[in-house]
Amino acid sequence: MTRRELIAGAGVVALAGCTARKATAPQPQMVSIVRAPAYDQRIYDTVRRMLADHRLDVRGRNVVLKPNLVEFEPGSSINTHPMLVHAAYEAFRAMGAASVRIAEGPGHRRNTLDLADAAGYFRIIPGFEDVFTDLNVDDVSQVHLSRQVSHLGKLYLPNTVLGADLLVSMPKMKTHHWVGATLAMKNLFGVVPGGLYGWPKNVLHWAGINECIVDLHSAFPRQFALVDGIVGMEGNGPIQGTPKAAGVLVAGSDPAAVDATCCRIMRIDPSKVGYLGLAAEGGAQIAEAGIRQTGEPIASVATPFALIPYFQTYRLDRPIG
Amino acid sequence: MAIEFLLNKQNPDGGWPYLHGGSWTEPTVYAVLALLAEGETAQSKRGIAWILRTRLGDGGWASRPGVGESSWVTALAALIPEENLGHAAHSGAIEWLLPVKGENTTALYCLRQWLLGRSNSIDRENPGWPWTPGAAAWVGPTAMAVVALESEHKRRPSARVAARAQAGRNFLMAHMCHEGGWNHGSTDAWRYDAPPYPETTGVALLAMDRLRSPAMERALAMGRKFLAETRSADAQNWLRLGLAAQGELPQGYAPPQGIAYRTVTEVALSHISELGGLA
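Those protein sequence lines, which keep their order, are chains B and H. The first sequence begins at 1 in this note's numbering and counts up one residue at a time. The second sequence begins at 322 in this note's numbering and counts up one residue at a time.
Keep in mind the hints are simulated off the structure, nothing from the lab. What you are looking at is a predicted structure, and each value in this text was computed from that prediction instead of being measured. Backbone N, C-alpha and C define an ideal beta-carbon position, used for all residues, glycine too. The hints are all genuine.
From chain H, some residues computed to sit far from chain B (all C-beta separations above 12 Å):
id, residue
1, ALA358
2, GLU361
3, LYS366
4, TRP371
Derived contacts from chain B toward chain H, CB cut-off under 7 Å, selection only:
id, residue
5, HIS108
6, LEU113
7, ASP114
8, VAL137
9, ASP139
10, TYR156
11, LEU196
12, GLY198
13, TRP199
14, PRO200
15, ASN202
16, VAL203
17, ASN236
In isolation and in its complexed conformation, chain B is listed as follows:
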């Protein structure tokens, strides 16, 4: 057994223990919502304060930031904004992390560094190339998925993310034309190496998109989620939708709880989002009662994201909070 496989196996054991605890005594998961009106210098202080609120201890740890990089569209709302990623990078370094890397494996476009360049990452993040890993072509190890909701069974995953002490999922708050909403959990599709599975990573679609999202989520028990909802995307997301200013950042250690909270902000019923429903069956907290929400009340920041006709039934009609 290699070190990477040992780490992955240990993670699975840790998750199993975590799940068992949830089954007997579910603890409310903390999710914070902070207003962030624009991508400007204030974001650095905002992110520092958010992470401090969550009392993450990353001293001496290896942190991997996983943004959502999808398309070459400068100025669009497709990709996680590089300033938010840089703010998280600086904050985790200031918190004493031994290393902070940025890593992503886009699902459609093969030229990852060109994509990052067009999205402004080289311009905003000094020395970007030195701290970035293209997960599509990273070295890999085999991982046996613990949940087995999908038919995948096992996957090869990049060593950079398997070796992380904390994987920080940093998605854009977007609607999604196959699953309704793409947030922290769906963002993990980007860790599956295109070098092995192709562009798109079609094996995940054949094994069930919602099911694979849950299985991938279970492969990474040490996660934190920080969602870029400053300007998200509505309508025909995740690529061809239109920008939607929500003016928020949403964060927490349980990506399912964070995603459920984001859905409520987007006025989407989280229980109707397939992967969140499956995660809840496995013990994840997506009900409001299972989430200890801090910062701005959902009702004060909620703004309906337009949905394509197929997902109109996902609309959250009842009041929140």
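Given the structure of chain B, go ahead and fit chain H onto it with the hints provided.
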């Protein structure tokens, strides 16, 4: 400069990484082809030895040795000239490629689509190739399989090989974006048109024959537009190769200054495109 970069990036096992780390089949094939274009060297021989060593029992290659099963990169291995790769390995690669199809052409899938009121008769009759077995067919692997088969057919004419290559080209035509050019292979989602990408437009143009039609004219126009606009090394490489294969690359074309060639595949393909192409 390109050759020096490639030589410095060769791993001790004889293969190449994309950028850092272990050896992968795709960058190794392109690096070998770039070196062979300069004349056979000890380094290209070590690369070919790596490729031969990593060949699987079914005649194909996995994207990385020891990881998974034979996949689309088998088409890339078949681009290495038979005199360098050896007859058994080369013909084995072609034989592996011929029957492979996307999962979206299986009888069960087609029946399900028919029951849902969706017809995919074009894909069923003209199957493309998947990235990995058990998944649907897409533009990238289909284009590279067609290039490999067409190259084989030119060397050793075969109706079977020619027919399979033509089916692949038909698949590509059916998956062209409405405005011309190609993306990864999805032309629409929920009736929203999906736009083409520069790099996949170049890859697909490389696989097409030179027959002209209104659709091909749209594809060529998109390719020329992308070539003038893109600052991506990967896109520049594939557009140069694709437009050159179509006889549409402007005479004496040189990529714009300032383009960053960062990876082994980008450097190798740039060199290959300067020296006349892949197949």
